[in-house]
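Produce the entire structure from the sequences given, and follow the hints as far as they go.
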Amino acid sequence: MNIKRLIIVAVGGQGNLLASKVLGEAALMADVPVRMSEIHGMAQRGGVVESALVFGDADSTIISDGEADVLVGFEPSETLRALNKCNPQSVVITNLSPLSPFTVTIGKGTYPRLSTLQGFIKAKTARLIAFDAAAEARKAGNVMAVNMVLLGSLIQTGVLPLSEENIRQAIKTRTKKAFVETNLKAFDLGFAAAVGV
Amino acid sequence: MHKLLADDSGQKMLLLGNEAIARGAVEAGVACASTYPGTPSSEISLNLFQISKESDLYFEYSTNEKVALEVAAAAANSGVRSMCMMKHVGVNVAADVLMTLAYLGTRAGLVILTADDPFMFSSQNEQDNRYYGKLSGLPVIEPSSVAEAGAMMAQAFDLSEKLGEPVIFRTTTRINHSTAVMELGPLKKRVTTGHFKKDPLNYVCVPAVSRKLHVRLLENIARAEKLADASPYNFVEGDGCWGVICNGVSYAYVCDAVKDLNLEAKIRILRIGFSHPMPGSLIKGFLKTCEKVLVIEEGEPYMEEAVKALAQEEQLTLTIKGKDKALFSRLYEFDPAMVRRCMADFFNVPHTPVDALDLSGAPEVPMRPPNLCAGCSHRAVYYAVKKATEGMDTVYPSDIGCYTLGFLPPLSMADYVVCMGASVGSACGFSKVTNQKVIAFIGDSTFFHSGIAGLTSAVFNNHDFTLVILDNRTTAMTGHQPNPGVDMKELNLDGYGQVDIEALVRALGVPHVSVIKPYNIKKSIRKIKEAVDFKGVSVIIAREKCVLYAKSLKQLTGKAFYISDKCKNHRDCLNDLGCPAFYLKGKKVMIDADLCTGCALCAQVCPEHAILPVKD
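Note that the protein sequences, when read in sequence, are chains B and Z.
Each residue of the first sequence is one higher than the last, beginning at 1 in the numbering used here.
Each residue of the second sequence is one higher than the last, beginning at 1 in the numbering used here.
Where hints are given, some of them may not hold.
Stated by the list, open to error - Under the rule of at most 30 Å between Cα atoms (straight-line distance), these lysine-lysine pairs were calculated in the DSSO-like manner:
id: 1; chain 1: Z; residue 1: K585; chain 2: B; residue 2: K108
id: 2; chain 1: B; residue 1: K177; chain 2: Z; residue 2: K554
id: 3; chain 1: Z; residue 1: K3; chain 2: B; residue 2: K177
id: 4; chain 1: Z; residue 1: K568; chain 2: B; residue 2: K108
Read the hints as simulated data drawn from the structure, not as lab findings.
Everything numeric in this text was worked out from a predicted model, so none of it was measured.
Written out as structure tokens, the structure reads:
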């Protein structure tokens, strides 16, 4: 099976570990080989959380610079920071709702302009899907569902060997019962947001 | 039921490496497990802790790794399968036990897990603990994948019993924190009660006994080498004449590189999973089938040194390389592209490097360092100590925990951090030879772990410094594990004692002890000044529950604050405290009510008294 490599970056607390778990479980149910790795530990203290997921016939659980087929960023400046994982053929999906790092808050750094950030990523990669995923999550009924919105966009790209139905099934069985409906709605909104981009 | 207790052999489960390891141990019938928490090993113990609450498995959080290993070793020598897990630097703490335990050996299976951390994602060094195998004489096994970690753990206890020696099980972060599918094996029944048979000539390590036991250890190493030669963990793949010897996660990168470089017909791989003792005969035989050999291992040239020595014994002159300026480094972790490039270079085959992006001209991305949480009491303590010592020439030795983050601006309150407990001993040295004011910081769990010995020594030797014990009532950094100061009843767990830090410190004879509530800034500053002015050892216990822990216990009652119109934009709150609940709206400082825990620290710092609680 073709190897597909996915990097997910987020700020601690944005729910990217759940997104990885849903993708992993979906792959297990669909009999797609999958391995993932993540760096956690400082997540609750506002640091960056990065997950790597490798689908298909590979043994490595991490992804070298320039080798991601798709990059999903839960926060725009983090998407930009992780761009070294991409190559000209990579697809990039990013939330456009910023979470200002504390260095910016106290005036020790400047947050990049969103238009410049998007322009740069677009010029360097094959396809950029960028929108306010937090707004879509709110529409679905829970601002915490940014992870499910972005999963929707990710599946729409068709890069991964996973179907819409695989993911829906994993959301139904692997996310908290009380949130399943919201999560599915968020997934659909994210899917729709990526169409035609 | 805990998912890792599922009695469903053959079922496929998506597991974190640390879950797979815990499952493997449960499959082996481990009945006694002990630890001191440390990333990247922590989830193994977390799972075993949970499992112990719904089964007859005994699990404990010991005060440090040395104690943990003593517990597990005594249990194993009473005939109960036992396990002890720790991060790599924890083995340094347990090393005193480890070295002589190798002489004693073990009756029932005993597995000592060391979780190494190449690249130091969450550690103070990246030491390569395979050398502990060589130093102690104990067998070392290391998996290359999550699934293998689970399966290997299930068998490690058998190996230990076969040799009568504890087995060192070595992982790296990319095993512990990777997730993959593991097929569950059958569950062995736990034997939870043993009996210690007196046998002083084998168990009492006085010189006369140890002289005999060292002989036995050397015999056991020789037996272990034979097992390593025949071990399924040490296998050869492929039948080319270009040799690769690799271990751990490097094996995965090698497998991918062989495919990417189309080298299937050329390469012969020797994967080492039983790495102490190194399988001498197997390696000699392997070398004879190769034209040249590349040794691929993260960390130190542990295998490379052994392989070169074996080649010399056989008078072989083939090229053997590994750590080399043009090839692999001893620094940090490897990645698939690095292994692919080095293999292509060494074997001189064409290789197209990845089409990397030219990122020059990219907009600058602001740093996002981790920060003490909103409402963290450490911030209040640091602020108070800073104020109390204003104008003084100070040294702030600190220790290992969340509070180490206080070294970042704007607090900048750590000058010297080495290892667990070192803040106290270091304070003794600084205070003896300098004229600087020494104020050391240590967390409650770290104080229990290895701070007490330093403080005892300080009292005896009559040193002059202040130790601030940041008592946040939990082991916060690694995920809120219990420590001896924790009130376990709050967690609805019975059967635990509790150690009172204040009573302990007073009992040690510390001449000046005070307890502060960090959120009460004025009073804290006054008490800290008194302690710092005291000539001799003084201890301040800053007692306030970790906000995340308090939140999980549903004990957070504070109301959020806001910045009223009285604000004249001095920004002392923002510039001196750096609480992540602050943000700027235009030029005005604001407080994110969702993040604010209502600790009221900033309200006390504001010169205009402009920060007020939100009204209902």
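Honestly, which of those hints from before does the structure not fit?
-> none
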